[in-house]
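Protein sequence lines, in the order shown, are assigned to chains D and P. When you line the first sequence up against the numbering used here, it's residues 265 to 554, in that order. When you line the second sequence up against the numbering used here, it's residues 34 to 319, in that order.
Honestly, I wouldn't trust all of these hints.
Said to hold, decoys possible - Just a sample of chain P residues kept apart from chain D, beta carbon distances all over 10 Å, derived:
(1) T53
(2) T92
(3) W311
Claimed, not checked - Part of the chain P face toward chain D, derived, beta carbon under 10 Å:
(4) K55
(5) N80
(6) D87
(7) E148
(8) N182
(9) A290
Hints were generated in silico from the structure; no laboratory data involved. Virtual Cβ for every residue (Gly too), placed ideally from N, Cα, C.
Chain residues, written in single-letter form:
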Amino acid sequence: MSLREIVVVSGKGGTGKTTLTSVLARALSGNAVLCDADVDVPDLWILLKPSVHSEEEFVGGNKAALLRPPCDDCGLCVPVCRFGALSSENGRVILDRSRCEGCGACTLLCPRGAFSLSPAVQGRIYGSETDFGPFWHARLVPGGENSGRLVQLLREKARASALEQGKSWILVDGPPGIACPAISAMTGCSIALAVTEPSKSGLHDLKRLGELAKRFRVPMAVVLNRSDLSAEGARAVRQACREAGWPLVAEIPFLVGVVEDLARARIPEAIPPETVRRVLEGIDGLVVRR
Amino acid sequence: MRPLGREPFSVAVVSGKGGTGKTSFSASLALSGQPVAAVDADVEEPNLALLLGDPVLATMNVSLPVPAVDTERCTRCGTCSRTCRFGAVFSFGKAVPVFNDLCHGCGACVLACPEKALYEVERPVGFVGRGNANGIIVVEGRLLVGMPNPVPVIGRTVELGLAEGLDTVIDSPPGAACPMVAAVRKARAVILVTEPTPFGRADAEVVAQVLREMGKPAALVVNRSGILEEAPPFEGVLGTLPVLARLPFSRAVAEGAARGIPPTEVDSSWKEAAGAAWEWARRVAK
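So here's chain P without its partners, still in its complex pose (with noise of 0.2 Å):
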């Protein structure tokens, strides 16, 4: 599908603070750049297919190998709760080993278990979800209610998504920690959504600061610009990104964005916004 001698490449969208603009931006991407896959990495809220006409998705499992013991075997000796070190693994007198939802899936136990009393059992932890949104295949994780870990269904999806061997825009999760590392992983290049309050700059900044530990290309698109007249310029690692484009505080975008319908059908802005960020990140992910 994608033209011939060119390499498909990744571009993330991350913001720090919730609520920027992250996914409505990720969607006006997908929408000016097929064909494209658009990766919904946010598993522990997907919001992206709403945005793109909410797609029927055919969905697949995400697991992660937990420990099971066999009674048999088990000498009730304690040494799997001693080896976990997320506190996931309960052994008390003579009752058999009891596994709970903080296990990280790293097989420490099974490994550590002097018996051979353990074996590993595939749990699932979220789901992946593919489907076709006029064009753009959609590729969203989903986390399930009350697991604790949402980086492996990150992983899962990112790696589900690019396999598509299109363009992709990868919608992260708020914040900047290890999911938001997790989605960004693969991107050659990052968007990073801010708003010009100090809620917006101070969170954009910290994840500046880990895009640039990660080495990867980023370039600002500021939204709700104009909130005040005198806002000062960006500084720090967020004052020596480029900024790809200013997108007017506008009611009109939000209530589209309240009903489902993307910013780039409401507001040309956002389509030449999207187009600037497309031009940057083929230029960058060289």
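Same shape as in the complex, but just chain D (with noise of 0.2 Å):
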């Protein structure tokens, strides 16, 4: 059987994604490898109580150093940053790391050759075991660089993990939004899966996330959580859904055991195993058709 992956996004943040990813790992526990791809704010950890076995860094991207001699403060790199990170306060300049994005235009310029370029460390990654498979997972140093980098070395390693294994899924959750994580995390996976909600913003985004799968040619199922929120809302998001082709593989309602259950750090019990099962068959059929 061929590898699938999944990657579950959701454009606007707290949807549910990692509720949802942790229910289907549950679901595939002991056939699928599991992957965290909000490597900025990662919370699938927290569910899935992982017992970290590896652990490296990750160098992303450069940072420029200053020094002094032989800068002699004739301030010719300040316009050259596109970032900020040079200024000149009272003749002297100053490099604000923070903002440096690495590109290296200053150490171009310089004629004295005052800046140097160096690797920085921006995260770390975890390899870990869990109760229903392999997890690789990350941490993108607070304020960290947006690494999409770090989201497919992630993928890269849980790709190899389900291939040396032999787990015929891969489960990602996906960082919210559209920009590079989230495009690092869904580009070349078998299936987007949406989760929204019934809500004006839910249904924003996630057609802003719909025009991004299909520019990147991923295929986008949707599964629309606390489906009875707003009676209007979901008719809005079904409406959508079959507008855009995007089959809506499962409603979830507004469930109160599911926020005790995430409040006390479990995966919840109170999603139905007959909602799990319609999702996986949903998924299954349109990465066959692919």
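Grab the two chains, each in its own frame, and use the hints to assemble them into the complex.
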């Protein structure tokens, strides 16, 4: 059987990505490699309770350093930095490394060679074991560069584990939004499973996500979470799914039990197993049809 | 418009975890502190305007200077592709270099080209919309779908919002990485909206650490409090921040927000919380 990679995404945050990923992980127990691609504020570990067996540094991009001497504060570099990392105060050049994106323009320009560029540690990568299978996760340094590259590395590691251990699924908990980490998490996946809610903002964000999936040629299916929060909103989501051709594979009502379980850091018991099965069957059909 | 003798100030609303109520709280602040500019710096998924009556917005492009090549001058030497740190330039044998969406607009390739064959053109990466929602100036940033880097759009959106010269609320993106940092960089005070779940706490702690490093005054608003009676107190850097308000777990607020109704119209505790937040922000932003 071929390897299928599901990425759970949402656009809008807080719609239930991690919740859904955790119940899918339980349902696929033993058959999947798990991966948390929200490397900025990762949460899946809270539910999966991993035991970490390997840990490595993630070197993501470069940062400039200013050496004095040879810097003579000529200030030529200041207008060259497009990211506002260089400024001049009282005739002295100041480098704000937190704004440096590591492009190296300053190193190219400086007539005295006062800048050096060196790789910066931007996070850590963890390989873990959980009750449900191997788990790859990471953590960006606080305020770190929002690294698509880190997400890409995690997915490569998850894939290697899956091939090595003969697993048929990779389950990726995606980041919110539609920019670099979301693009990195989605590109090349078998299917994007979008979790939305029946709100104006949920629908707005779902449509943007759908555009992104289309652009990167990833088929998308939808789960409508907290479906009973607004009848009007739910109708609008169903209609949008019909019009765009996104299969709506399951609807999950607002369940107090889910909220309570999550508050206790437990994988929710309240989501019925039939619902989870429907999601998996729904996606399976799509992946095969692809 | 604003009272004489007082400089306008800006307060950013952040959360770490998505869906904790950032946008709802931003709208509440905007609705209880007029005249204000309400800036939506969550440019990947801008939703603030939806809670403020969805006003018509006039838009302008945000663009990035990206390289273009003069094929007559280009000798296919490959210096540009070796210089680019972002994998945005491909040059291959006898073909002219090709540039992709990963470009940060840094200009390094243009500086490096020995033949002066590269020049820069403006490429749209997003836009900023401006409108008036019953007296609130709404300034909304929007990243074009497919563009990887939201930071330039965030920077421009905040800049244009602050240029209104009013007290400003900045609804920030989730997370603690570069988009959040770009949204709060110019704010004088930051409100951290969180929920007392393990997820809310873990994510808010990362944000609190970043804010401390940036030297930003920060305070907490705890949303959906009371989910668990035995919820433990906040620890770490979070534990050092003042708690301005605890908002109850409310299905009515969620139902309202789903339909685009701001929580201040549903639950008076949000109005009080917004009042407390303005007062705190005015005090610390001196």
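task: Say whether it holds or is violated: P/T92 keeps its Cβ farther than 10 Å from all Cβ of chain D.
output: holds, 16 Å
- request: Let me know if the C-beta of P/D87 comes in closer than 10 Å to any C-beta of chain D, holds or violated.
  value: This hint holds: P/D87 lies near chain D, its Cβ roughly 8 Å from the closest one there, short of 10 Å.
task: Under 10 Å, Cβ to Cβ, is where P/N80 needs to be relative to chain D, so tell me if that hint holds or is violated.
output: holds, 4 Å
Exclusion check [P/T53 not at the chain D interface, CB over 10 Å]: Non-interface label fails for P/T53: nearest chain D Cβ at 6 Å, not farther than 10 Å.
message: Would the hint on P/N182 be counted as holding, given a Cβ-Cβ threshold of 10 Å to chain D?
response: holds, 6 Å
task: Have a go at the P/E148 hint: is there a Cβ in chain D nearer than 10 Å to its own Cβ?
output: violated, 15 Å
query: Closest CB-CB distance from P/W311 to chain D, is it above 10 Å?
result: Non-interface label stands for P/W311: nearest chain D Cβ at 24 Å, farther than 10 Å.
- request: May I ask you to test the interface hint for P/A290 with respect to chain D, counting a Cβ-Cβ separation under 10 Å as satisfied?
  value: holds, 6 Å
query: Against chain D, is P/K55 within 10 Å by beta-carbon distance?
result: holds, 9 Å
Of the numbered hints given earlier, the model fails hints 1, 7; all others are met.
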